[in-house]
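J.: Reassemble the complex: the two chains are provided individually, in unrelated frames, and hints are given to aid placement.
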Amino acid sequence: MNILTLQFLLEIVFGTIIFLQLTKKNFGAVLAYGLQSLAITAILFGSFFETSNLFLLFIALLVLFVKVILAPVFFIKLIKKHELTFSGSTYLNMPLTLLIIAILTFVAHSQKFTPLTGILHADQVLLPLAFSSMLLSLFLLINHKGALSQIIAVLSLENSIVAFTIFAGLEQSPTLQLGILFNIFIWLIIATVFVSIIYKHFGSLDITTMNNLKD
Amino acid sequence: MEILFIIATLIVTALISILIKRRGFIEFFSIIASGIVLFESIVVAFKVSTAGTYSPFIFFSVDSLGAIVMLIIACVGLATTIYSIPYLQQETAKGIIGFTRVRQYFVLLNIFLLAMFLATTAGSPIFAWISIEATTLSTAFLISFYNKPSAIEAAWKYLIINSIGLLLGFFGTLLYFTSVSPLGGDGFVSWQALAINAAHLDPLIAKIAFIFVLIGYGTKVGLAPMHTWKPDAYSKAPNSIGTLLSGGLLPVVFIIILKFKAMTDAVVGPQFSQHLLISFGILSIALAALIMFNAKNYKRVLAYSSIENAGVMALGFGFGGLGVFAAILHLIYHSFVKGVLFFSSGNLLLKYNSAKISNIKGALRVLPISSTLFITGFLIVTGVPPFGIFLTKMQILSVGIQIYPVSSIVALFFMTLAFIGFLKHITSMFFGEKPHDIEIGEGNIWLILPPMLLLIGIIILSFYIPPFLSRLMHDAVSHYEYD
Numbered sequence: 001m002n003i004l005t006l007q008f009l010l011e012i013v014f015g016t017i018i019f020l021q022l023t024k025k026n027f028g029a030v031l032a033y034g035l036q037s038l039a040i041t042a043i044l045f046g047s048f049f050e051t052s053n054l055f056l057l058f059i060a061l062l063v064l065f066v067k068v069i070l071a072p073v074f075f076i077k078l079i080k081k082h083e084l085t086f087s088g089s090t091y092l093n094m095p096l097t098l099l100i101i102a103i104l105t106f107v108a109h110s111q112k113f114t115p116l117t118g119i120l121h122a123d124q125v126l127l128p129l130a131f132s133s134m135l136l137s138l139f140l141l142i143n144h145k146g147a148l149s150q151i152i153a154v155l156s157l158e159n160s161i162v163a164f165t166i167f168a169g170l171e172q173s174p175t176l177q178l179g180i181l182f183n184i185f186i187w188l189i190i191a192t193v194f195v196s197i198i199y200k201h202f203g204s205l206d207i208t209t210m211n212n213l214k215d
Numbered sequence: 001m002e003i004l005f006i007i008a009t010l011i012v013t014a015l016i017s018i019l020i021k022r023r024g025f026i027e028f029f030s031i032i033a034s035g036i037v038l039f040e041s042i043v044v045a046f047k048v049s050t051a052g053t054y055s056p057f058i059f060f061s062v063d064s065l066g067a068i069v070m071l072i073i074a075c076v077g078l079a080t081t082i083y084s085i086p087y088l089q090q091e092t093a094k095g096i097i098g099f100t101r102v103r104q105y106f107v108l109l110n111i112f113l114l115a116m117f118l119a120t121t122a123g124s125p126i127f128a129w130i131s132i133e134a135t136t137l138s139t140a141f142l143i144s145f146y147n148k149p150s151a152i153e154a155a156w157k158y159l160i161i162n163s164i165g166l167l168l169g170f171f172g173t174l175l176y177f178t179s180v181s182p183l184g185g186d187g188f189v190s191w192q193a194l195a196i197n198a199a200h201l202d203p204l205i206a207k208i209a210f211i212f213v214l215i216g217y218g219t220k221v222g223l224a225p226m227h228t229w230k231p232d233a234y235s236k237a238p239n240s241i242g243t244l245l246s247g248g249l250l251p252v253v254f255i256i257i258l259k260f261k262a263m264t265d266a267v268v269g270p271q272f273s274q275h276l277l278i279s280f281g282i283l284s285i286a287l288a289a290l291i292m293f294n295a296k297n298y299k300r301v302l303a304y305s306s307i308e309n310a311g312v313m314a315l316g317f318g319f320g321g322l323g324v325f326a327a328i329l330h331l332i333y334h335s336f337v338k339g340v341l342f343f344s345s346g347n348l349l350l351k352y353n354s355a356k357i358s359n360i361k362g363a364l365r366v367l368p369i370s371s372t373l374f375i376t377g378f379l380i381v382t383g384v385p386p387f388g389i390f391l392t393k394m395q396i397l398s399v400g401i402q403i404y405p406v407s408s409i410v411a412l413f414f415m416t417l418a419f420i421g422f423l424k425h426i427t428s429m430f431f432g433e434k435p436h437d438i439e440i441g442e443g444n445i446w447l448i449l450p451p452m453l454l455l456i457g458i459i460i461l462s463f464y465i466p467p468f469l470s471r472l473m474h475d476a477v478s479h480y481e482y483d
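Chains as they are written, first to last, in my numbering: chain F, 1 to 215; chain V, 1 to 483.
If we strip away everything but chain V, and leave its shape as in the complex, we get (with noise of 0.2 Å):
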């Protein structure tokens, strides 16, 4: 019933901004509607945590690492939701967009959250991969938003390498079928039926499909190399977009190619998966650290940072083990702080007008609570003890020593080199002389708020682990790990 309410919700949020035509109502149901979608989130975690997969009906099934991902992306959805509203009332003050675009923008968020909801609830494969293909056609406007054309040209790369990535995601998903309709079923095939009957499948033909499931999901996880579509998109949508595509959307494109990957394991053992999970993610460290050292735009350094980082959690659940429960805090760790970079690089652009890192100077100065949250979000996201992101890092590398210690020496030199970009970037952005031009002051105080709720969220998050979401990660394990 919970699911139901939260599709229900956002979908009436979503036809209220279409047929609403004042902008307070608009913001005032958005923000209630995202408030709903947290609390039957946490109910729903809840659920699950003491009765395990909660299914209400046939369409829908969430497991405990689904639980995890609707609670991510609920939080994240809601501190967007409350960041969007005086990011974009600056906007219209400054005249770059007006009441349509601000309403569009509503319309898709909503849809996009709903995707994302109906993505990690799926029942069957299929309408996951349907879902997942609505939140590129959901989000490729977003990403055209501000309707320039360098917009227009990110929002078409996007939509035309996801498209093609996700239609090769079907066909390996399709491949999986072959273990419960060797000649031709047509009844509504569940993830659970795929898993009971994965020992079905051919082993060839389970080493084909998985290939093409994690170079099509994987496109739209942004591995390298099929990363490509992701800098230019991150740097051309709305900050708030971006924490929401490399916060929520992440998490749960993630979370498919790990139940591909379970019935993949089931037939040819975990070998195989994990060599192609640890390939992929080195070579998404090692190519996000040497870009981002390069870097001449912001919203791309944290475009590459998500490259990185969803690279990392490659890694974690490639080398099983205690590395799948770190992949997993990981996970949670990443999509808060993405919020924060995101959200507090969003309050530099109003305030400079400028995504370059070359005219932002002084900005510790000039936005000092704005300034702190980035350079946290900054020492977070690289690993910097004692947050998080720091313990999961070392967990997955120490695992990953014992069984593939060149890999892993390889991906702690190129998190090295990502921390060394990132931080040139810092200094050069933070600290020095501010321009004469820019004034000293932040802007609103909801502009700073969702930020710094998000930070104290991952810094609890880093010394406690609430018993329901600890249940809940040990039951992901012991899912997705192979035994």
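If we strip away everything but chain F, and leave its shape as in the complex, we get (with noise of 0.2 Å):
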């Protein structure tokens, strides 16, 4: 895969986070995570092509299952069985919000992060562009008082690491990848469960809602 093939998946990757940080429909953030989660199968999809690695292509349609296919679908499920259609608002106002999402992404693109950013000289293009997208994925999780919002954050900040981890040649052999795989599988199921629980005790996914923690 050439790598402005590559720069426009991770563009993708990037932009659908931005997309996130805005959007106050619950069924357009799902879709955002869906098409960000077919952008880092396509990367996976690209290491197969390269490599000719059969198990790797195995995990790469795991992932295409579980990120693109089964996720959106729980959540699109949730959405509907509880009516969810507006997230939960933000902490900060919309030009607050674009101007720390500014600010993030200069961050991560300043010279402080070059060894980080500059493990693998051939991509040195891509990986300020995938480090912002884990800072903008932390933030997104901050900021955002919606727990659908929250476990897309996570999520989000997951495919970050994973767009990382590629650019940067970190790739984990393919059993622990799918070790990784069926871990967040698990967590996907008990997160949406959770959320279940969160709306049936508390009529709402806004967390603000829960302040039954007191000392």
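To be clear, the hints were calculated from the coordinates, so they are not data collected in a lab. A virtual CB, placed ideally from N, CA and C, is assigned to each residue, including glycine. Take the hints with a grain of salt, since some may be wrong.
To be verified - Pair by pair, the computed Cβ-Cβ distance ranges are: (1) V/L15 with F/M1: 40 to 48 Å; (2) V/V12 with F/T85: 40 to 48 Å; (3) V/Q104 with F/I103: 50 to 58 Å; (4) V/F5 with F/F86: 48 to 56 Å; (5) V/P467 with F/Q111: 52 to 60 Å; (6) F/S196 with V/G35: 31 to 39 Å.
What the hints assert, rightly or not - Below, simulated DSBU-like cross-link-like pairs (lysine-lysine); rule was C-alpha separation at most 35 Å, straight line: (7) V/K21 with F/K77; (8) F/K77 with V/K148; (9) V/K157 with F/K80; (10) V/K148 with F/K200; (11) F/K200 with V/K94; (12) F/K24 with F/K80; (13) V/K356 with F/K145; (14) V/K157 with F/K145; (15) V/K296 with F/K112; (16) V/K356 with V/K424; (17) F/K145 with V/K148; (18) F/K24 with V/K157; (19) V/K157 with F/K200; (20) V/K21 with V/K94; (21) F/K80 with F/K25; (22) F/K80 with V/K148; (23) F/K200 with V/K296; (24) V/K157 with F/K81; (25) V/K157 with F/K77; (26) F/K145 with V/K207; (27) V/K148 with F/K24; (28) F/K81 with V/K148; (29) V/K148 with F/K25; (30) F/K24 with F/K200; (31) V/K94 with V/K356; (32) V/K424 with V/K207; (33) F/K77 with F/K25.
T.: The following block contains the structure:
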């Protein structure tokens, strides 16, 4: 896969995170996460075409199944079941959110992180973008009040780390990748179950309604 | 073979708990399994103490510190299983939980134990990470066990904060792999391979990686300021699970941090990781001491005590030298004493039906044995002589005062404050007049025996360390101490 295609796929990952920061509707957020995961899957398929390792193809297919199909289906069912059209609001308003996004992207591209973003000389253009995706995913989690948005933020952070490791040449053995994917799959199920329980107990997915923990 | 046997035993017990519908069988098999696990852990510890690192398969590797932690998990695990049976029986009798919950409890308990053993014995850092993540997943439902809104909230907080922490830890872990696969390796990378190749790490990457690892895994340990999930989770989970979270999981995650510390030290020298550990350690001790003072829930007090002691261990490992030996010993004492405290506080909870400090009065008259256990546990955990923790705290501070005098004095001040804060709650709970509606008398001998055995264990270990354990500890010090 040439560098321009990889850059385009990584830009999709980055763009979906920006979209996740700004969207107010859960359905849009789920679709954005699906698209982001599709871009990651395409990058994994690229690794398979380069190495012809059939186990990598198997991993890419599993990622496609778990992240692109299964996770969005889970979330859409949840949205329909509880009529969760709108995601929880954010702590910061839109202009401030955009300002923080710009600052984090700038920080990720700054000289301070050169040792990190320059791990692999050939991918020096791509690594800062992957790193800024990580920082933006963290910000997504901190800034959003909705439980579903928080789940998507955690999964988005995981996608960004996967992108970073691929471009930094730090991919793990297929067996371990399988273990990691299994973990994510279980995490996804548990988090989805918790979202349902939260809705049942609090009548909302807005985490600011959860204020029972007092000393 | 022993490790496989431990894994198989715990998996089979979890499956039995799912399939069998008779409570007695589930309880019986869980106790037998914990007994087998303890026996096999002792065998592994003896092998490591005589022949060094034990690695029967590529996926598993147990060094001296790993063997010590295996013994801790096995001892605390057996005590927890024994205690859980009468504890849950009393809760069932009160109508708090039903059989389905009990079954769910034993399934998750065995999976939690399994995940901790896998993390301790994992031959690869990624395999260890997967296992640590599995501990989060298995305990989330144990924290929300009572299905109350506050318990759900605590479990959600635990799940999200720890998942983020572990993802950051995962990122840090992957950065260490730059030393072995600069052009994209796809083989199985073991702890040993990483340690051997640590010298090839870029020093700046090593520093960034350790920061990510310390923040990531430090979240799971509960080091301040990543500790926020801990008081909530400990106060909402069943008391027996509090024991395992504090006494079992904390050392498991600590050894992973130490393995990465050893690699970082090999590249950039010991000062970088020392400063970080000391900073996090002091912050943890200070925050815990200050908040503990005004706590209103005794289970939260125990959580803050865990944060404080995690800070003490971080200081010990940070100071180095004899501090490392003291920190390892502190790790053992702390795990045992947290069992004593959580189990005896569970007895208070069963009697008073409240975890609020203001609702507990005259406990020494109502539950004389449990109260004595709790008070003795308090004296041990806060470092009162002649118990072991007094010696480990003094040893850590005496090492620290020579190299970092200001940090040591600050730490000593906040440790004293923690003692005063804890003492304030003790006097309020255990003395004075008991409420009229509370009957005097202990519940069940099996609710007293596990904390009593753990207490005997600490007292013995305070004055005598068996030769094989001493060998393991000295070997661990030589391995994890930068020379």
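J.: For each hint given before, does the structure comply? Return the numbers of the non-compliant ones in rising order.
T.: 3, 15, 32
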